[in-house]
Amino acid sequence: MTEQEYFDYCSKELTRYEARRYQFIGMEWEDLNKADHTKLLEIGNKVMNEDNSLELYLLNRDTNTRFKVWNMVARTALHYDKKFPTDDRLQLFADRLEEHFTNMVNKELEHSDMSKVSQLVSDFEPVLSSDDLERLKADIVLAGLV
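Those letters in the sequence shown? Residues 13 to 158, per this note's numbering, in order.
Worth double-checking, as some hints may not be accurate.
[As the list claims (entries may be wrong)] No farther apart than 20 Å at their CA atoms in a straight line, the calculated lysine-lysine pairs in the PhoX-like style are these:
hint, residue 1, residue 2
1, K46, K95
2, K94, K119
3, K46, K94
4, K58, K80
5, K80, K46
6, K46, K58
7, K51, K94
8, K149, K128
9, K80, K51
10, K128, K58
[Unchecked claim] Here are the computed distance ranges between Cβ atoms for each label pair:
hint, residue 1, residue 2, range
11, T14, E42, 44 to 50 Å
12, N64, K24, 22 to 28 Å
13, M60, S141, 30 to 36 Å
14, Q103, E25, 31 to 37 Å
15, K119, N76, 33 to 39 Å
16, K128, K58, 25 to 31 Å
It is worth saying that the hints were derived from the structure and are not from the lab.
The C-beta atom is built at its ideal place from N, Cα and C for all residues, glycine as well.
Throw the hints in and build the complete structure from the sequences for me.
Structure (structure tokens):
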């Protein structure tokens, strides 16, 4: 595979992921089927157990999508636990998922060679804000580039 073919492949994959994300954002919980429920419960279980076999990068990329995933996981879990999904319960569950996710991201960052990451992004320091630079570093680590 040539470099250009690889870039084309990556571009197509990114477009595919974005299309799936937009489709998910447009869905309501009632639109989900049992297979979706099972997948959401698996995701929730992995997050609660801080199992980093999840695609942390994809979850980290878009905060609104991640929060929608947490809400869907919470609603599904409460549905199967036969508890009425009140707004307070949903929010508490979603907040716990976000807390565990943040722990997972922090662990990945702690176990990475941040000197290599800093070296990779050093050329961008003059043009990026410190927040954007930190986001780029996290993206590099979570994408598995270092």
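Hint-by-hint comparison with the structure:
1. K46 <-> K95: Distance ~18 Å between K46 and K95 Cα, so the pair holds.
2. K94 <-> K119: Not satisfied, since the Cα-Cα distance of roughly 34 Å exceeds 20 Å.
3. K46 <-> K94: 15 Å, holds
4. K58 <-> K80: 17 Å, holds
5. K80 <-> K46: 18 Å, holds
6. K46 <-> K58: Holds, at roughly 18 Å.
7. K51 <-> K94: 18 Å, holds
8. K149 <-> K128: 10 Å, holds
9. K80 <-> K51: 14 Å, holds
10. K128 <-> K58: Given that 20 Å is the threshold and the Cα spacing comes to 29 Å, the pair is violated.
11. T14 <-> E42: 44 to 50 Å: 46 Å, holds
12. N64 <-> K24: 22 to 28 Å: Cβ of N64 to Cβ of K24: about 26 Å, so the range 22 to 28 Å holds.
13. M60 <-> S141: 30 to 36 Å: 33 Å, holds
14. Q103 <-> E25: 31 to 37 Å: 33 Å, holds
15. K119 <-> N76: 33 to 39 Å: The hinted range 33 to 39 Å is violated for K119 and N76, with Cβ atoms some 24 Å apart.
16. K128 <-> K58: 25 to 31 Å: Cβ of K128 to Cβ of K58: about 27 Å, so the range 25 to 31 Å holds.
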